[in-house]
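We have chain A; now place chains B, C and D onto it with these hints.
There are 4 protein chains.
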Amino acid sequence: MTFFSPFAQDDDRPREECGIFATYNNDDAFAHTVLGLHALQHRGQEAAGIVCYDGKTFNAHRAVGLVGDNFNDPKVVDLLVGPAAIGHVRYSTAGGSAARNIQPLYADLDLGGFAIAHNGNLTNAHILRQELTSKGSLFQSTADTEVIIHLMARSLRRHRIDRLVEALSQVEGAYSIVALNEKMVIGVRDPLGVRPLVIGKIGESYILASESCALDIMGAEFIRDVEPGEVVILDSDGLHSRFPFPRLKPRSCIFEYLYFARPDSVMEGVSVYESRKRAGEELAKESHVPADVVVPVPDSGVPAALGYANQAQIPFELGIIRNHYVGRTFIEPTQQIRHLGVKLKHNANSARLKGQRVILVDDSIVRGTTSIKIVEMVRAAGATEVHMRIAAPPTASPCYYGIDTPEKNELLAHKMPGSEMAAHIGVDSLAFISVDGLYQAVAGTKRDNDSPQYCDACFTNSYPTRLSDKEEKRSAPQLSLLSETA
Amino acid sequence: MTFFSPFAQDDDRPREECGIFATYNNDDAFAHTVLGLHALQHRGQEAAGIVCYDGKTFNAHRAVGLVGDNFNDPKVVDLLVGPAAIGHVRYSTAGGSAARNIQPLYADLDLGGFAIAHNGNLTNAHILRQELTSKGSLFQSTADTEVIIHLMARSLRRHRIDRLVEALSQVEGAYSIVALNEKMVIGVRDPLGVRPLVIGKIGESYILASESCALDIMGAEFIRDVEPGEVVILDSDGLHSRFPFPRLKPRSCIFEYLYFARPDSVMEGVSVYESRKRAGEELAKESHVPADVVVPVPDSGVPAALGYANQAQIPFELGIIRNHYVGRTFIEPTQQIRHLGVKLKHNANSARLKGQRVILVDDSIVRGTTSIKIVEMVRAAGATEVHMRIAAPPTASPCYYGIDTPEKNELLAHKMPGSEMAAHIGVDSLAFISVDGLYQAVAGTKRDNDSPQYCDACFTNSYPTRLSDKEEKRSAPQLSLLSETA
Amino acid sequence: MTFFSPFAQDDDRPREECGIFATYNNDDAFAHTVLGLHALQHRGQEAAGIVCYDGKTFNAHRAVGLVGDNFNDPKVVDLLVGPAAIGHVRYSTAGGSAARNIQPLYADLDLGGFAIAHNGNLTNAHILRQELTSKGSLFQSTADTEVIIHLMARSLRRHRIDRLVEALSQVEGAYSIVALNEKMVIGVRDPLGVRPLVIGKIGESYILASESCALDIMGAEFIRDVEPGEVVILDSDGLHSRFPFPRLKPRSCIFEYLYFARPDSVMEGVSVYESRKRAGEELAKESHVPADVVVPVPDSGVPAALGYANQAQIPFELGIIRNHYVGRTFIEPTQQIRHLGVKLKHNANSARLKGQRVILVDDSIVRGTTSIKIVEMVRAAGATEVHMRIAAPPTASPCYYGIDTPEKNELLAHKMPGSEMAAHIGVDSLAFISVDGLYQAVAGTKRDNDSPQYCDACFTNSYPTRLSDKEEKRSAPQLSLLSETA
Amino acid sequence: MTFFSPFAQDDDRPREECGIFATYNNDDAFAHTVLGLHALQHRGQEAAGIVCYDGKTFNAHRAVGLVGDNFNDPKVVDLLVGPAAIGHVRYSTAGGSAARNIQPLYADLDLGGFAIAHNGNLTNAHILRQELTSKGSLFQSTADTEVIIHLMARSLRRHRIDRLVEALSQVEGAYSIVALNEKMVIGVRDPLGVRPLVIGKIGESYILASESCALDIMGAEFIRDVEPGEVVILDSDGLHSRFPFPRLKPRSCIFEYLYFARPDSVMEGVSVYESRKRAGEELAKESHVPADVVVPVPDSGVPAALGYANQAQIPFELGIIRNHYVGRTFIEPTQQIRHLGVKLKHNANSARLKGQRVILVDDSIVRGTTSIKIVEMVRAAGATEVHMRIAAPPTASPCYYGIDTPEKNELLAHKMPGSEMAAHIGVDSLAFISVDGLYQAVAGTKRDNDSPQYCDACFTNSYPTRLSDKEEKRSAPQLSLLSETA
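Taken in sequence, the protein lines are chains A, B, C and D.
Per our numbering, numbering through the first sequence is continuous, rising by one, with the last residue being 1766.
Per our numbering, numbering through the second sequence is continuous, rising by one, with the last residue being 1766.
Per our numbering, numbering through the third sequence is continuous, rising by one, with the last residue being 1766.
Per our numbering, numbering through the fourth sequence is continuous, rising by one, with the last residue being 1766.
Please keep in mind that the hints were generated in silico from the structure rather than gathered at the bench.
One or more of the hints may lead you astray.
Unchecked claim - Straight-line Cα separation of at most 25 Å, DMTMM-like style, residue types lysine to aspartate or glutamate; simulated pairs:
#1 Lys1415(A) <-> Glu1411(D)
#2 Lys1355(D) <-> Asp1353(B)
#3 Lys1355(B) <-> Glu1764(C)
#4 Lys1623(D) <-> Asp1579(C)
#5 Lys1623(D) <-> Asp1349(C)
#6 Lys1481(D) <-> Glu1452(D)
#7 Lys1355(A) <-> Asp1349(C)
#8 Lys1415(C) <-> Glu1446(B)
#9 Lys1355(A) <-> Glu1411(D)
#10 Lys1753(B) <-> Asp1390(C)
#11 Lys1415(D) <-> Glu1446(A)
#12 Lys1336(C) <-> Glu1411(B)
#13 Lys1623(B) <-> Asp1579(A)
#14 Lys1481(C) <-> Glu1452(C)
#15 Lys1355(C) <-> Glu1411(B)
#16 Lys1753(A) <-> Glu1690(A)
#17 Lys1355(A) <-> Glu1764(B)
#18 Lys1634(D) <-> Asp1579(C)
#19 Lys1355(D) <-> Glu1764(C)
#20 Lys1623(B) <-> Glu1484(A)
#21 Lys1415(A) <-> Glu1446(D)
#22 Lys1415(D) <-> Glu1462(A)
#23 Lys1355(C) <-> Glu1764(D)
#24 Lys1355(D) <-> Asp1358(B)
#25 Lys1634(D) <-> Glu1501(C)
#26 Lys1415(C) <-> Asp1442(B)
#27 Lys1634(D) <-> Glu1554(C)
#28 Lys1634(A) <-> Asp1505(B)
Bound-form chain A, shown alone (with noise of 0.2 Å):
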């Protein structure tokens, strides 16, 4: 008798790997930092913390969790006291080590407490983990992020955001940065603009936030977002902004759109809802296929079946309904449950299925495991025929900014050509949007392949920066030598 996890199964899904939050100058710095945080769960849901300040002495709180499970112990709530606030929520690594990775991660410099933490991923952070190690440095976690305390602690400069920009200066990859010394709250955005982060306002007080949603959870006010490239200073002062990088044209991540953010967000101007319905319509449009019924694989699948249904003029129903109470791991105990695994999550509803022609659409196919799946169960209820639309093009090139996608091997899309993957699947048909398609959905506008509007390397293979780590094939941090138990 094993175990599996519910989350395993989700390997078929690509997960995003970091929120955060931070406010400054606020009496319910705490508070909102846990709202805020509770809004971005979908952005990382095995791990919070919150660092505040309360003008002498930086607490911490960092857990494994989700956040409303571990922000209510009144010795938490009586240590996170203080005026400023930053916050993040993850994925945890493998293994034991998990707590020590848990950001926001916190330095003692010599100009003084120091905390950090981080959305993206830095591609070049094992050559400078490397080289700062082989200087005497040493590193308390496996995070990415540490890389960037090091390089401020043996920064010359006499204040610690001109150490933060320096260190920026040497890493390179996707960031969005919310850190906390004891006179304000820093916010940056890396010059491409991969990762989101917004600005906010309640009352008198600022905030940053990757997404829209955790301003309205509070009532707050969205002022706008962070441009690619900006450093915001939060202090007593109020909000200062600077520009201390080499302007580039931005590439925010279309993933986000089709995915990651939440639906009720609205990033750069664009409503993530509306860009996923017209990424069904469009879907509709490039390849629909006579049927009686449009179902959405619940819950991302929604807008964009809703998108397509309005434009293909078939009628849109629940034919999936998905169960929202998974907890962490379930026994699995022979091998006919495993293969009926994933009903953990999805069942058929079978009265709107039984000898339907069904169009299934999905926002996305990562290895496919779980399409297979869904199109097994469907078939199971009766359907005569399955018609899958994905509201993404095929993902056939891990991301390296910050997203958690499986090696380039295990993507369907890289496995096999399109022509193919119908059939490993299951379907009568299978169509993707084109990219052309997706921006369209998104910016209204086609794609401009000689300087692309956005971040598509996981779609068209072309990455913005250099990716340092993966060219000299430098993977495995050192500290990895170490496990602990939790």
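Below, chains B, C and D without anything else, positioned relative to chain A:
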């Protein structure tokens, strides 16, 4: 600074009190029971328990929390072996005494061990309890179910099944029951069939479960509903049936269709999803107003909203987004945050609401407090008109048959006439489905007022059984004299 | 690789099963009960429980572990308020069912709430339990004490105190009891007075406790021993006394003096420490051999060794050092380590043993397994001769009155004649104190063989009560059919 | 109502800060380390940690609590495999940051993994820390030991052992160290040999441990003490020795003999038990008064009291009984109970004290608060005279070498002349052993005042090393800026 529970917010929703599951002669008895209870988690999320019989000893595990979090400990897996199991999910009672009320209950009768799990509520439990206590019976829980065991313990019959029938002949109210002794699993549905119970089969093993979705999760075959008043026995010879109670005209709970049951379940031959969609259609027929968009209150209002939108030929849109990552408790430091608390679960999708005339479709109104906040949020997002349509008639009377509704004087429909409710909730118009419309949606026919086809007491105040405890004003179980730390 | 418990090692020592404490009309009822149980911790280290009555509700906390680890949680402190409390420390039974056996037990009788804690053991509990079960009583624990509550529940008397007396009139065996209802604390000592119970006073509040050391810890005054067969009532009028049982000649347990009671306690006017020292003196008179040093087996052998050394005029030395920091369990990976396991608790002080003729003084031999290891260790440290002197007569019969001794056929004194024991244990000579010598040490007089002054059944096989369960071979309580995870 | 800790009561006792253990090439490396740390538990009861190397990965478990409670989880046992291990027991620092200070510390140096455990204290750690931080080193703990790792990380040497020597050449103070890398275990004792470290052997495997009792527990052979200034290497070739530091005249800590070390340990050829007994004898020679009974303050005063009683020819009696079952914390509701708090651990054995002239023998007086309570208790039990004799000279100066003593101005011997102390403590007479008497007891010779044989700074204020942090008034480590919930 005080704390509140997000579940407490749901005080404005009725709550099912239990789900039950049983299987016999099944090599995967424990694993199937875990999966079945997971599929029934919507019927009770606060605690779960399983009792197995290994041929020699009854083994139990009962815990507060979700099924998926509590049955994966190797210690539990190694203990709960054997080919027979019954299980239960429930909402906890208030206070620290929850642990001893988690079902299945177990007793050593003089005839041997006996475990029992119960969905429903007995309406003369306090009277019986007092009489039993005065004769020397000692109660170990405050669960009404324990009365049944004590009646069995005092019975003179020679067989446990006869004792169970004798005990049930003395109780009033609603019950679907599964029980386990050394030789069999017993399933019983009360003569009115208020709560559901279905029979399934996987391989050669029979299953009893509250809903058919608990069969689907493991690929089990649906056989039939247990009939009202039927006693079903699963033993080494297979399945046997008896009808030991006086036969009554069945009156199963119509609220199960509207709200409690999972939409992918089929009850008494009726698809729950379809009956909800038809309720939306009926609602549109009865009370449509001109509008731009139909928006469901997620998740339970979705099917009715689809039906409404189809019937009314108005676009269906996800104008409210639900956050499913809700933990146990949140801090709530200020009045400002308390006021906006509802956004922990729901956020407006402003892009879809601004400047629109919105029809909000929900499944029921209990206290009305949630509705007020939802409407306020939708208006704040820019809706020009808000009309609310409810897929249930006004809930004006409490349920005494296993659904956790507020006291009568807290029910909005009891506190004010329908004509005042719209203003109270803040909508431009408010309409409920008619009782006949609801019957039409579920059964395809109007209510037979001389002999109603369903229990609809919460809408009509017409209770199908005596309410002896209520009539004699018995309510506080004596056992509440003892409180314990968890 | 397997695990063993250091407590399991103590299988070679008899174990007291319980300590009890109660107070009434006491502003510090909970705190005093915690302190009192801490002072009685030597009587039971596995679990502890307290029930308080706050004037309206009985409140309870019961937990596995030491008193000092389990009653400091603010949640517990805030719950256990009110001026009346009873408490209990105990050894756990095997298996996961420990929790429901932790005393005080509580029941809602028809006359009101009733909590009870018991030190001792009933010798007809299984017979009574079976009879009660056949009449419809349901047991919630496997504790013999629960029989008393069921007998009370079925009694026709109008007052709980009369019901308690009626119930106790039906039981056989040994019991010191404290009980609590809404109006009083009740203390009872069985007519033979097998287990101790004393009365104390602090300020205006009365206390009942197993030993006088539980009074000393809080500076309470010792009033007197509860008399055998006495029922003591603490209520708002102070202390009342009744003698409702037929009077018998008292026979308190002589083993309490030798081993269980704390040396600083005074029982029936006799100092426990002094009686142990005198036992050592008697032993020296009865069986001295020439030697260089007297070494106690710590800690319980120390007073007797001091007496022996004084009497024999030989130096007393700590030749064996005890490690008190023993946790719950240790791993034991190899046979080699298992063999040397005893050193977890004891180590030889080689400097004091090398080249010496050693007299080892211990308080008892049960199985003999610990003695073998101790002797082996002392010889390995260089002792030239090892003589063992035991301050108790050979333990040849099990206790049925609340002391956890092995089955008869595991007792070394039952397995072989005294003449073979020395060789078995590996000593050059072995002697036990005589029964008369022991009486002399404790009471200053010989045993009255016609009417013994003490219960000494473990040495003499002369049991002062019937042993009905044993005679009828009743042993397994039916309730053991259910096992539960903790 | 407030809480207090029974350990806090021990603020009146000095506390050893650490015990260390290491083994290499040992099939039972983990089990032996667990046993060895258990035997060293008296040197630190608050936390314990073990790091093993399995040939590929370093694996660690560190936890708050006793050894016997924290290393039996199968998850831990399965992780901590491999033939090399080092371990540590310690007292925790205040606050929530304990976890990251639990040793062994571990770092990934550029040369590979390195784990280190330290007994002692560095007297220039804060200065070094500040210099390292200003050069860009980031500290993960507040332990002085981490300085050593950072010095190693910055060293230019090619071998870790040379780096360790170089690092230790820069530190001041006291250290016995065990360290582990992929190829060896390293043991070091500082050039003065302040803290103990011994070499043992079991089968073919070498062991390093703080005291010889940690060898006895598993039946290992004592080989010899590590010499002051010696570096010992355990590798696959066996045991190697180096002396890389300038040689100094050894000055091991004399307080280890008096108080810290277990009485069954032998240090530098001297039995700890015997030196304590001889101290009692010296005390009797120096300051005897007529009395009836000699009573030790248990447990640590027992050997000296035996020596005193022997020398003075007065009966030795256990006039004070100690309760060893002390948990973590107790509630303390009233001033009355606080006043009597000391009885949680000690109770008077009145039978032995009433009407007696009592000589109380204790091992040291620090603040004097415990002594006051003990004396009060002995008088309340009826003693007619109370004379206190202390087997150490007056403790007038704090220890900076790894023993947790109060600040100087809290030391009783600093606050008042000896002539006032007797009245302060409430005794009829008070005497301390002389420094020469103590040297006589331990070494059989007087103190060589020109070149003392031991570190006796706590008695003589003569510190054998520089105290740079103290001289420069460095004390608060910068890292204390961050507090964390456990």
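Check whether the Cα positions of Lys1355(A) and Asp1349(C) lie no farther apart than 25 Å. Within the cut-off at roughly 19 Å; holds.
Are the Cα atoms of Lys1634(A) and Asp1505(B) separated by 25 Å or less? Holds, because 21 Å separates the two Cα atoms, which is no more than 25 Å.
Hint consistency between Lys1415(A) and Glu1411(D) [alpha-carbon to alpha-carbon, up to 25 Å]: holds (16 Å)
Pair hint Lys1481(D) and Glu1452(D), alpha-carbon separation not exceeding 25 Å: violated (31 Å)
Hint consistency between Lys1415(C) and Asp1442(B) [alpha-carbon to alpha-carbon, up to 25 Å]: holds (17 Å)
Holds or violated: Lys1336(C) to Glu1411(B), with C-alpha atoms at most 25 Å apart: The hint holds at about 23 Å.
Would the pair Lys1753(A) and Glu1690(A) pass a check requiring their Cα atoms to be no farther apart than 25 Å? holds (19 Å)
Given the proposed pairing of Lys1623(B) with Glu1484(A), does the C-alpha separation stay at or below 25 Å? Since the Cα atoms of Lys1623(B) and Glu1484(A) sit roughly 21 Å apart, the hinted pair holds (cutoff 25 Å).
Could you grab the alpha-carbon distance between Lys1415(D) and Glu1446(A) and see if it respects the 25 Å cut-off? holds (16 Å)
Does the alpha-carbon distance linking Lys1481(C) and Glu1452(C) stay inside the 25 Å limit? violated (31 Å)
Between Lys1355(C) and Glu1411(B), does the CA-CA distance stay at or below 25 Å? violated (35 Å)
Hey, Lys1634(D) versus Asp1579(C), does the alpha-carbon distance stay inside 25 Å? Distance ~24 Å between Lys1634(D) and Asp1579(C) Cα, so the pair holds.
In summary, the numbered hints that this structure violates are 6, 9, 14 and 15.
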